[in-house]
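Whole structure, please, built from the sequences with the hints as guidance.
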Amino acid sequence: MLKKLLQPFPLYLSLVVTSLIILYPIFLMVRISASYPADIMKHHKDVFWGPGGITLEHWRNIFTSGLLLPSLFKSLLVATMVMLLAILIAAPAAYVIARVGSPWKYLCIIALFISRTFPEVAIALPVSVVFLHWHLLDTSFGLILAHLIKVLPYVGWILIGTFEAIPLSLEEASSVDGASKIRTLRRVIFPLSLPGVAVAAMLVWLESWNEFTYALYLTVSENTLPLQTYYYLNRGGIFNSAAYATIITLPVMVLTFILQRYITSGMLAGGVKS
Amino acid sequence: MAQVILQQVRKVYANGYEAVKSIDLAIHDGEFMVLVGPSGCAKSTTLRMIAGLEDITSGDLFIGERKVNELPPSKRNVAMVFQDYALYPHMTVYENMAYGLRIRKLSKHEIHQRVTNAAQMLGLTEHLAQKPKALSGGQRQRVAVGRTLVREPEVFLFDEPLSNLDAKLRVHMRAEIIKLQKALATTMVYVTHDQVEAMTMGDRICVLDAGRIMQVDTPLGLYERPANRFVATFVGSPAMNILRGRLTREHETYCFVAGGMRLTLPADKAAKVQPYTNKDLELGIRPEHILDKRSDIQADNVVRGTVVLIELMGNERIVHVDVAGQTVIGRLDAHAPVTHGVEHDFILDMRYSHFFDPESGNNVTC
Chain A
1 MLKKLLQPFP LYLSLVVTSL IILYPIFLMV RISASYPADI MKHHKDVFWG
51 PGGITLEHWR NIFTSGLLLP SLFKSLLVAT MVMLLAILIA APAAYVIARV
101 GSPWKYLCII ALFISRTFPE VAIALPVSVV FLHWHLLDTS FGLILAHLIK
151 VLPYVGWILI GTFEAIPLSL EEASSVDGAS KIRTLRRVIF PLSLPGVAVA
201 AMLVWLESWN EFTYALYLTV SENTLPLQTY YYLNRGGIFN SAAYATIITL
251 PVMVLTFILQ RYITSGMLAG GVKS
Chain B
1 MAQVILQQVR KVYANGYEAV KSIDLAIHDG EFMVLVGPSG CAKSTTLRMI
51 AGLEDITSGD LFIGERKVNE LPPSKRNVAM VFQDYALYPH MTVYENMAYG
101 LRIRKLSKHE IHQRVTNAAQ MLGLTEHLAQ KPKALSGGQR QRVAVGRTLV
151 REPEVFLFDE PLSNLDAKLR VHMRAEIIKL QKALATTMVY VTHDQVEAMT
201 MGDRICVLDA GRIMQVDTPL GLYERPANRF VATFVGSPAM NILRGRLTRE
251 HETYCFVAGG MRLTLPADKA AKVQPYTNKD LELGIRPEHI LDKRSDIQAD
301 NVVRGTVVLI ELMGNERIVH VDVAGQTVIG RLDAHAPVTH GVEHDFILDM
351 RYSHFFDPES GNNVTC
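Here the protein sequences line up with chains A and B, keeping their order.
Read in order, the letters of the first sequence are residues 1 to 274 in my numbering.
Read in order, the letters of the second sequence are residues 1 to 366 in my numbering.
Hint data in this document are derived by calculation from the structure and do not stem from the laboratory.
Watch out, some of these pointers could steer you wrong.
Claimed, not checked - BS3-like cross-link-like pairs, simulated, lysine-lysine; straight-line CA separation at most 30 Å:
| # | chain 1 | residue 1 | chain 2 | residue 2 |
| --- | --- | --- | --- | --- |
| 1 | B | K293 | B | K272 |
| 2 | B | K105 | B | K75 |
| 3 | B | K75 | B | K179 |
| 4 | B | K67 | B | K105 |
| 5 | B | K75 | B | K182 |
| 6 | B | K179 | B | K168 |
| 7 | A | K181 | B | K131 |
| 8 | B | K179 | A | K181 |
| 9 | A | K181 | B | K105 |
| 10 | B | K67 | B | K133 |
| 11 | B | K131 | B | K75 |
| 12 | B | K131 | B | K168 |
| 13 | A | K181 | B | K133 |
| 14 | B | K21 | B | K67 |
| 15 | B | K272 | A | K181 |
| 16 | B | K133 | B | K108 |
| 17 | A | K181 | B | K182 |
| 18 | B | K75 | B | K108 |
If you want it as structure tokens, here you go:
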């Protein structure tokens, strides 16, 4: 009895330790954003919280600065649009690539990643020059386009794998059952690809939300949240910076929590005999 | 219900490979037609062409009175059971079966009635709310069959539906499908590579090899009157013995001579093989027509050979006999006095013999 109770103990212990390692830096970030500078800027560090206690001064600073809301709005807009556009553009292409014969398939996948072989800092400069001509500098639309360069290969790659995993015989069965191509896509392919689409959407949103390089090159005045964090950091405002970093982290947690229920394994189980 | 007619139907793939080489086949209304043949014989391709899942390169395909060459699968009013079941994994058993009916915009009441009826017939009533992954292989197979049943199509198509089931379940499902077909009396085209399945299920069987029809006949017709060597050796287990030899004429009798064997042909066979006198010929004889010669019997057509292998099946013994360098397989009584490695006399019952042209493989005694 005791043995049975203790058996999962090593698993739980390792989970607790891993969680602590992951969560402590996040805790530090939150602590810095809500601590008095005197508690942080001292030689002898506290493990949990400084003796000064909690202060909301830095949070008040960033909320009253008038810079937070425009940045937050821009980051949200860009990330969400990039996510929607990437899925809309990549899904039909990925479906077609997944259904063509193998030599073409691999060529397509390799071609997708060509743009990823150059370092971002190298592409960002020419991109910003071109965008300057096109009057896309310092616009949300320009940043969305730039982010698409970055994320489309990943989304394509994930979705090709997703569609490939859906057996062709399901489409055939649907068509023999009397369904049109569109109906088959809507009723069979789309529901079955949802887990893959959810993963891709989540990764894209996070990628765009956290993106720094393109944002730095393509922004003159309207900062995204990561840029705003960086500017505070640059000016030595680590407390305000920590508050920003906390704000950046929150939606990531919420989004992951919402989308993780779509990431179910075994979605395709039982459909066809493998 | 409808007949299915294939007229000079060919299938050539984009890479130039000709999978189906001009097939003519008429499947009658309400008939259970089995397409059988070894892998790559184009039986599945032919079925998929009937379903509309493969384009027809040339020729005409009729379902009922309609020419359906250009019709998509959704417009052909056929229902198909796939080899891998192809159930929609995100839908419940009920939704899987109702899918095709909803597309046809049947009333909710009608859909409910048809699905519950089919479920009852197939013993799936308790599983209607479950998803396919919660079911066993046999149950999934039945859902796949149920999905076609509720559609009440003109033609049922089955693509090796039992090949994924274990032996016991396969025999059970085989009987279920036969009963179902008899009850519905709907045209059914059934693809299998298993000749036992073909023999037990089909009203008629179409034997295919390398994209060509070898013979279309009733199961007994195929067994007793194979049109060629391929059909003769494909149908029946163990397969028909094929012996190479020469036809000779001695006075008024015709003899088949091979190695140490000298076999006299009955008059009706002799009449048909006359043109092959002094030419090479192949003799085909089924294992059950190789008889054990008791020492007290006098008989013609006795061959002597060494028993190289005995397979005891319980009710019978399958013996492999080496006769002058050619192996002959016989099906003997379980108590036949044969011993491994010992020479023994056997009678070849030439009344049931077949002779094949060595070049074309055609049965010249049919």
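* Pair hint outcome, B/K293 versus B/K272 [Cα-Cα no greater than 30 Å] -> Given pair B/K293, B/K272 holds - Cα atoms ~28 Å apart, limit 30 Å.
* Does B/K133 lie within 30 Å of B/K67 when you go C-alpha to C-alpha? -> violated, 39 Å
* Pairwise hint evaluation, A/K181 against B/K272, where the allowed Cα distance is 30 Å at most -> Answer violated: B/K272 to A/K181 is near 57 Å, above 30 Å.
* Asked: Are B/K21 and B/K67 close enough, with their CA atoms no more than 30 Å apart?
  -> Holds, at roughly 20 Å.
* Taking only the CA atoms, is the gap from A/K181 to B/K182 under or equal to 30 Å? -> violated, 34 Å
* Is it true that the CA of B/K105 sits at most 30 Å from the CA of B/K75? -> The hint holds at about 14 Å.
* Asked: Is B/K75 within 30 Å of B/K182, Cα to Cα?
  -> holds, 26 Å
* Hey, B/K179 versus A/K181, does the alpha-carbon distance stay inside 30 Å? -> Not satisfied, since the Cα-Cα distance of roughly 35 Å exceeds 30 Å.
* Asked: Given the proposed pairing of A/K181 with B/K105, does the C-alpha separation stay at or below 30 Å?
  -> Roughly 17 Å separates the two Cα atoms, so the pair holds.
* If you draw a straight line from the CA of B/K75 to the CA of B/K108, is it 30 Å or shorter? -> Within the cut-off at roughly 22 Å; holds.
* Asked: Given the hinted pair B/K179 and B/K168, is their alpha-carbon gap at most 30 Å?
  -> Cα-Cα ~17 Å, so holds.
* **Pair hint B/K67 and B/K105, alpha-carbon separation not exceeding 30 Å** => With a Cα-Cα distance of about 25 Å, the restraint between B/K67 and B/K105 holds, given a limit of 30 Å.
Of the numbered hints stated above, those contradicted by the structure are hints 8, 10, 15 and 17, listed in ascending order.
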